[in-house]
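J.: Start from the sequences, fold in the hints, and give me the full structure.
In the order they appear, the protein sequences are chains P and X. Residue numbers 1 to 362, in the numbering used here, belong to the letters of the first sequence in order. Residue numbers 1001 to 1073, in the numbering used here, belong to the letters of the second sequence in order.
Hints are all accurate, no fakes.
Simulated restraints on C-beta separations:
no., chain 1, residue 1, chain 2, residue 2, range
1, P, ILE231, X, ALA1062, 25 to 35 Å
2, X, GLY1071, P, THR210, 53 to 63 Å
3, P, ASN282, X, SER1051, 11 to 21 Å
4, P, GLN19, X, HIS1024, 17 to 27 Å
5, X, THR1044, P, PRO155, 16 to 26 Å
6, X, GLU1008, P, ASN292, 23 to 33 Å
7, X, ASP1003, P, THR154, 21 to 31 Å
8, P, GLU218, X, LEU1063, 55 to 65 Å
9, P, THR154, X, SER1051, 26 to 36 Å
10, P, SER226, X, GLY1071, 49 to 59 Å
11, X, LEU1063, P, GLY130, 44 to 54 Å
Note that these hints are calculated values from the structure, not bench results. Where a beta carbon is used, it is the ideal one built from N, C-alpha and C, also for glycine.
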Amino acid sequence: MTTLAETKTEDLVEYYFEQAWSDGLPVVPPTPEKIAAVIDALGGDPEHLEAVVPPRRGGLTRQILAVNMVMAGCKPEYAPVVRAAMLALCSPAFNLNGVQATTHMVSPLLVVNGPIRREIGMNSGHNVFGSGNRANATIGRAIRMILLSVGGGTPGDLDKSTLGSPAKYTYCIAENEEISPWAPYHVEHGMNPDDSSVFVIASEPPHSVTNHIADDAEGVLDSIISAMSTIAHNNAVSSGSCAVVIGPEHAATISKSGWTRHDVRNYLWMNAGNKFSALSFNDRYGKIYNRNLPRWYKREPDARIPIVPSADDIHLFVAGGEAGRFSAFIPGWGHMTSPVLLRIDGTSPDAAAMCEDGTCRL
Amino acid sequence: MHDAIRLETSGIPTAVLVTTVFLHEAKVQREALGMTAIEPVVVTHPLSTLSNEQLDERAAEALEQVVHAWGGK
Chain P
1 MTTLAETKTE DLVEYYFEQA WSDGLPVVPP TPEKIAAVID ALGGDPEHLE
51 AVVPPRRGGL TRQILAVNMV MAGCKPEYAP VVRAAMLALC SPAFNLNGVQ
101 ATTHMVSPLL VVNGPIRREI GMNSGHNVFG SGNRANATIG RAIRMILLSV
151 GGGTPGDLDK STLGSPAKYT YCIAENEEIS PWAPYHVEHG MNPDDSSVFV
201 IASEPPHSVT NHIADDAEGV LDSIISAMST IAHNNAVSSG SCAVVIGPEH
251 AATISKSGWT RHDVRNYLWM NAGNKFSALS FNDRYGKIYN RNLPRWYKRE
301 PDARIPIVPS ADDIHLFVAG GEAGRFSAFI PGWGHMTSPV LLRIDGTSPD
351 AAAMCEDGTC RL
Chain X
1001 MHDAIRLETS GIPTAVLVTT VFLHEAKVQR EALGMTAIEP VVVTHPLSTL
1051 SNEQLDERAA EALEQVVHAW GGK
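T.: Next comes the structure, spelled out in structure tokens:
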């Protein structure tokens, strides 16, 4: 026999579907007790406004943040990550307004670094972009639900994405710092290893890079360069920034060649790109200048057009399981957005401290 | 719409050009940013891939609206 409580729960799930308060999947009914636990984890004060979420510019109070986290299936201890991610997404440099409304398939990718990854049980290993880990799945889902219900990014309404992507359900990983031969991403950007951080970049889903042959850095990286060097993604035509995720076996091979993160990013930047003749379709549709590319690029048929303006615009991570010679290229949305890195408390890394000890060349 | 509202706030009459499919988004933005009187200039979607002749047609669609947005009749 079904109890009254069970019936109510079932009805609530249907009720949330009817109210369009879901991402298309069933949500966890946000009971007052569960909401209170998340608000406590956020520091109390449910009316405290954390952010204003474009394009609808809805107010994200701690209470609303908590409701969405509970509905997405988050544990209270995920709260600092979701909060910091939302602060990053709502900072002006990210241009969430455009990311939400564009016809492109872009979705924010969240990468978490530092001790909090382990404290909340995030997956940075096998199937890192896939299903099966509560923290990765529900942190990314909570962000998407906030973008939908608070930001107003409803498909077909304010979200005009032609195709969308599976990354619009959840898109959240942690760097595999333990297996990486290099310093973690946030240390490369001037933080301490004991700091935790969130990094957001508006991007496509990952594109697999296979290479089961190369036993040196150049060979592995040339395959990643091949994935980068097409005219089909937005970086090629609109510049901006991108991410590269090196799988652990590939990272070990590259590291064995003695290459640093700095070497890897510069080699990728130096060798990825297209000829301007490819981007301009050999003038098939008339003379093209393309104002979306930096003005210092030569608009001549044989000129090399880099995928992004500088090696610093390639954001490099090591993630994935210990077995498998795979990496991934993740094209960005273009120059219309800038990725954002924040400490877990929501503060920016101290720009003056960045690189002063040479960590940018790790 | 963001740029237009900044320019209008600093006293520069501004015409915001949107294609038909983005009119709703433009209206939501002006509400959210608190300048409900700003009227976008609306032209038929799309703008990409048009010939010069088709672009002339879009310009003709926009002309009267632009003049109005800039304070003319």
